[in-house]
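K.L.:
The lines below spell out each chain.
Number of protein chains: 2
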Amino acid sequence: MTQAKTVTVKSVTAKSVTAALLIIGDEILSGRTKDRNIGFTADYLTNIGIDLCEVRIVPDIISEIAEALNALRARYTYVFTTGGIGPTHDDMTADAVAVAFGVEISEDPRVISVLLQWMKPEELNEARRRMARIPHGAELVENAVSKVPGFWIGNVIVMAGVPTIMQAMLAAVGPKLETGPRTVSLTIAAGNVAEGAYAADLGAVADLHPDLCIGSYPSMADGRYNNEIVVRGKDAEKVAEAAAAIEAFLARLQTEKV
Amino acid sequence: MTQAKTVTVKSVTAKSVTAALLIIGDEILSGRTKDRNIGFTADYLTNIGIDLCEVRIVPDIISEIAEALNALRARYTYVFTTGGIGPTHDDMTADAVAVAFGVEISEDPRVISVLLQWMKPEELNEARRRMARIPHGAELVENAVSKVPGFWIGNVIVMAGVPTIMQAMLAAVGPKLETGPRTVSLTIAAGNVAEGAYAADLGAVADLHPDLCIGSYPSMADGRYNNEIVVRGKDAEKVAEAAAAIEAFLARLQTEKV
Chain L
289 MTQAKTVTVK
299 SVTAKSVTAA
309 LLIIGDEILS
319 GRTKDRNIGF
329 TADYLTNIGI
339 DLCEVRIVPD
349 IISEIAEALN
359 ALRARYTYVF
369 TTGGIGPTHD
379 DMTADAVAVA
389 FGVEISEDPR
399 VISVLLQWMK
409 PEELNEARRR
419 MARIPHGAEL
429 VENAVSKVPG
439 FWIGNVIVMA
449 GVPTIMQAML
459 AAVGPKLETG
469 PRTVSLTIAA
479 GNVAEGAYAA
489 DLGAVADLHP
499 DLCIGSYPSM
509 ADGRYNNEIV
519 VRGKDAEKVA
529 EAAAAIEAFL
539 ARLQTEKV
Chain F
289 MTQAKTVTVK
299 SVTAKSVTAA
309 LLIIGDEILS
319 GRTKDRNIGF
329 TADYLTNIGI
339 DLCEVRIVPD
349 IISEIAEALN
359 ALRARYTYVF
369 TTGGIGPTHD
379 DMTADAVAVA
389 FGVEISEDPR
399 VISVLLQWMK
409 PEELNEARRR
419 MARIPHGAEL
429 VENAVSKVPG
439 FWIGNVIVMA
449 GVPTIMQAML
459 AAVGPKLETG
469 PRTVSLTIAA
479 GNVAEGAYAA
489 DLGAVADLHP
499 DLCIGSYPSM
509 ADGRYNNEIV
519 VRGKDAEKVA
529 EAAAAIEAFL
539 ARLQTEKV
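Listed in order, the protein sequences are those of chains L and F.
In this text, residue positions in the first sequence follow my numbering: the first is 289, and each later residue adds one.
In this text, residue positions in the second sequence follow my numbering: the first is 289, and each later residue adds one.
I should point out that these hints are in silico values taken from the structure, not numbers from a laboratory.
Please note that a few of the clues may not be correct.
No distinction is drawn between identical chains; accordingly, a pair holds when it is met within one copy or between any pair of copies.
[Stated by the list, open to error] Computed cross-link-like contacts, EDC-like style, restricted to lysine to aspartate or glutamate with a CA-CA straight-line distance of at most 20 Å:
hint: 1; residue 1: Lys303; residue 2: Glu355
hint: 2; residue 1: Lys464; residue 2: Asp331
hint: 3; residue 1: Lys303; residue 2: Asp499
hint: 4; residue 1: Lys464; residue 2: Glu427
hint: 5; residue 1: Lys464; residue 2: Glu430
Keep in mind that this is a model prediction, so the values were computed, not measured.
Take the sequences, apply the hints, and build the full model.
P.N.:
Laid out in structure tokens, this is it:
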């Protein structure tokens with residue numbers, strides 16, 4: 289009990305760390321590629337104590353990328369980007385980041401040196417050299433899968449779009465990120481009790497716990513609702529309290545039904 | 289040939305119809321729910337001749353929803369929203385839309401009448417009545433799955449978040465949407481020819497076809513690259529021309545390799 293209270297105080301005073309994810313790529317907007325980075329990044333950040341607060345998907349247009357980046361980096365602790373850092377003409381993320389930050393961009397000898405570790409000098413053609421163009425002032429982000437690094441400038445972390453590579457880059461930067469109190473989450477199965485039947489009780493619990501996020505998520509299985517209620521918050525004790533209150537009214541509603 | 293040219297002229301003169309998708313829900317940002325609506329909507333809109341140009345995911349906060357909605361509806365022909373139209377306290381999309389448009393919101397007798405078709409008057413409690421709150425001036429969007437309608441106001445179409453319901457609503461509004469010329473897409477397998485090996489040739493083809501979107505998409509299978517090049521555009525003839533040029537240089541590169 290004492291320990292739980294200590295956790296409570298810590299959660300309340302610790303500062304939340306926030307993030308946005310900016311997905312860059314025509315292929316997601318056209319439907320050609322189905323995104324797999326949003327869910328992974330959401331899970332990863334939630335798990336280390338960073339709250340993902342917004343996601344945007346924009347096309348391969350420098351002005352659009354730069355505009356979204358500037359809106360997001362002003363607002364959140366971190367902005368993660370995925371996509372657009374390869375060697376082809378449609379890879380324009382590094383240039384867009386340079387535009388957004390108003391800094392120069394040029395071939396970075398650190399990246400050239402990484403590239404030369406896995407290719408012969410004669411293979412390092414102009415296109416591959418494009419991958420070494422890094423905005424001035426950026427640190428490199430290691431890529432354990434295909435070597436070509438991402439980069440980190442200000443509060444913006446630029447990663448590849450290929451999920452396996454993006455995940456390796458996230459693992460490389462993860463331990464260096466500032467984190468806040470982790471969000472604790474409890475899920476209560478409401479089964480096929482209709483949302484409309486428990487909404488008033490749930491709203492009352494939510495009103496009593498303004499610091500918690502309480503969500504009701506209907507889903508359908510075999511043509512019937514299979515609802516879940518999720519309680520999330522920084523304070524494990526309060527989350528458990530609210531979850532217990534929800535379980536209590538669901539039990540009552542199920543009895544009333546019988 | 290004459291017919292193809294007619295198509296060309298039509299594509300060039302016809303106006304593009306654009307869209308944004310606004311996904312509303314803490315559950316996507318926390319990782320609890322993995323989005324399935326972006327890919328479906330992207331495919332659906334691309335297929336009927338509407339270009340999806342931006343996606344945003346925002347939390348269940350009225351001011352955030354309204355702000356994103358106003359930014360997007362000023363910019364694109366249509367904005368589709370998903371999520372937040374149920375009976376629980378965390379469903380706040382209708383209120384956010386009313387705020388964004390600066391209109392009143394109240395219980396809509398048309399929705400009450402729909403609700404009474406599938407529930408008894410005594411089941412129509414206060415929570416369920418919340419689902420009938422519709423911003424003034426909106427048209428209803430039919431929901432063939434679970435009856436409770438979405439709505440359409442200005443250029444904004446408000447849909448449910450549950451994928452099966454969202455899909456039914458999209459099918460209901462689809463035939464009423466203004467559409468533009470369809471984007472034609474051709475995919476060329478580049479196999480394990482490295483992006484860095486074909487980037488210069490691909491860039492040259494892209495420079496020759498400024499009206500087309502040409503993308504290079506690396507993916508990994510069994511630790512090797514399995515690259516694809518996608519050519520997209522409104523003019524089928526030009527798309528085919530560019531695809532042929534790409535196939536030609538890939539064949540040359542593969543021969544050079546041998």
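K.L.:
Decide, hint by hint, whether the structure agrees.
P.N.:
Now the hints, each set against the structure:
no.: 1; hint: Lys303 <-> Glu355; in the structure: neither (27 Å within a copy, 25 Å between copies)
no.: 2; hint: Lys464 <-> Asp331; in the structure: within (17 Å within a copy, 38 Å between copies)
no.: 3; hint: Lys303 <-> Asp499; in the structure: within (14 Å within a copy, 48 Å between copies)
no.: 4; hint: Lys464 <-> Glu427; in the structure: within (12 Å within a copy, 50 Å between copies)
no.: 5; hint: Lys464 <-> Glu430; in the structure: within (12 Å within a copy, 49 Å between copies)
Checked against the numbered hints listed earlier, the structure breaks hint 1 alone; every other hint is satisfied.
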